[in-house]
Amino acid sequence: VFGLGLNMGGVGTVRFLAEHGAREIVVTDIKTKEELAVSIEKLAKYKQIRYVLGQHRPEDFTHTDMVIKNPGIPWTNEYIRMAEDAGIPVEMDSSLFFRFCPAPVIGVTGTKGKTTTTSLIAHILEVSEREVVRAGIGQIGVLSMLGKIGPESVVVFELSSWRLSALGRLKKSPHIAVLTNLYPDHLNYYGTMKAYAADKRFIFSSQKGNDTLIANADNGFVREMAQDAPAGLVWFSEKGPVDDDGVWQADGMLFARVRGKESVLLPVEKIPLRGSHNVGNVLAAAGAALASGLSIEEVRSGIESFQGVPHRLEPVAEKDGVSYINDTAATIPEAAIAALRAFEQPVILIAGGSDKRLEFGAFADEILARSKALILFKGAGTEKLIAAIRERLPEAERNRPFTIVESMGKAVELASRNAEPGDTILLSPGAASFGIFRNEFDRGEQFIER
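Using my numbering, the letters of the sequence shown map in sequence onto residues 1 to 450.
Among the hints, a few may not be true.
[Unchecked claim] Simulated crosslink set (DSS-like; lysine-lysine; CA at most 25 Å straight-line): (1) 410 - 372; (2) 172 - 208; (3) 33 - 47; (4) 270 - 239; (5) 45 - 148; (6) 31 - 47; (7) 45 - 33; (8) 194 - 356; (9) 42 - 148; (10) 410 - 378; (11) 208 - 239; (12) 194 - 171; (13) 378 - 356; (14) 31 - 378; (15) 31 - 45; (16) 42 - 31; (17) 171 - 208; (18) 172 - 148; (19) 319 - 410; (20) 372 - 319; (21) 356 - 31; (22) 194 - 172.
Bear in mind the hints are in silico, worked out from the structure with no lab data behind them.
Since the structure is predicted, the reported quantities are computational estimates derived from the model, not experimental observations.
Make the full structure from the sequences, and use the hints.
Written as structure tokens, this is what we have:
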């Protein structure tokens, strides 16, 4: 197992192997035993694990039966290439899941909205008394979900571009695929938008003619990609009616057309999620649920009863008339922009972090237009954001200082000190979390604890 990590995906993979008869499991990670203590502790009861930590050894990749790599490790990695040159199969948790999964899969990908859309699809199906297995959402190991699949199950799987790369090699795609949108992201990993989009394409590239792709008609990248889809195509749009079957927003209402019959789904005001960006997520989820065979009434009921997802515009507290909102999952500027637009009251924004080679100009515009105050985490992404803000300031203000902190405690303390009744303190970083935090979930949990 190449890369144990701290997000629990590696833990889930090792646990699955240990419980399904692997004689020996070599776990190798460049992090040390001390850095991985949380993950190692969760595997303490398994005796067939051998750890090689703080280093990687070529022999562990060439004298083994299989290598299972962490999603964040590129296929071009030298140790992956060593294994492949030696004829050793290289898998990921997602490819193993799809090899063994006996149930139909609804797969969701996109740059923004994956988790909300995936969770909403699962909720709609559950409210309609379908047996649902959720995979890929949050920090629960993917392979551990295989044991929960029964003969009547439907799997709803959130698929990152990294996990999709393994499905591309396996030449498998979900039966119902949802492509929420596509924006520049992970360019520190992919280098180019073209390479990033190529992995996203695997959500539908191996579908069959009787499968379905739910695609965003409003996103230029998605529109272009979806033209090549081999499956039946169902569009969704926030800008008005779509051709053929699909779902859309018009005049404050959501509509659906199924097998040529048009119906009102529900008024936009009945969507229980904050932010206009969530209209697209609801449309995508509705399209998938309808494609799975649910009725308009079942889909409507599921949407209206949905309570949202942790770490995404999540209300966590109200103190002295000040609201605290956790949107740590906003790891790209576009997501943080959507969060800022969701509030009419004054916003004190906690933002910034590490860089994924993204552009911060539009985020800078939104911060200047919509935030009352700004507190930033130290990081390369923050430096780019500050530079973008300075460019937009009057010349006399370009040398003004910015508040930069290195802990969540300090960020919340400063935000609370400057807040007045009626204000909102919003954690919506628009950047990755690496450096100060283990991951975005750790960042969000620390905000909640404060």
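So, going through the hints one by one against the coordinates:
1. 410 - 372: OK: residue 410 and residue 372 at ~18 Å, within 25 Å.
2. 172 - 208: 10 Å, holds
3. 33 - 47: Distance ~17 Å between residue 33 and residue 47 Cα, so the pair holds.
4. 270 - 239: 18 Å, holds
5. 45 - 148: 22 Å, holds
6. 31 - 47: 21 Å, holds
7. 45 - 33: OK: residue 45 and residue 33 at ~16 Å, within 25 Å.
8. 194 - 356: Judged against 25 Å, a Cα distance of about 15 Å means the pair holds.
9. 42 - 148: 20 Å, holds
10. 410 - 378: 12 Å, holds
11. 208 - 239: It is violated: about 29 Å lies between the C-alpha atoms, which goes past 25 Å.
12. 194 - 171: 20 Å, holds
13. 378 - 356: 14 Å, holds
14. 31 - 378: OK: residue 31 and residue 378 at ~22 Å, within 25 Å.
15. 31 - 45: 21 Å, holds
16. 42 - 31: Judged against 25 Å, a Cα distance of about 16 Å means the pair holds.
17. 171 - 208: Given that 25 Å is the threshold and the Cα spacing comes to 11 Å, the pair holds.
18. 172 - 148: Given that 25 Å is the threshold and the Cα spacing comes to 21 Å, the pair holds.
19. 319 - 410: 17 Å, holds
20. 372 - 319: Answer holds: residue 372 to residue 319 is near 18 Å, not above 25 Å.
21. 356 - 31: With Cα atoms ~21 Å apart, residue 356 and residue 31 stay inside 25 Å; holds.
22. 194 - 172: 21 Å, holds
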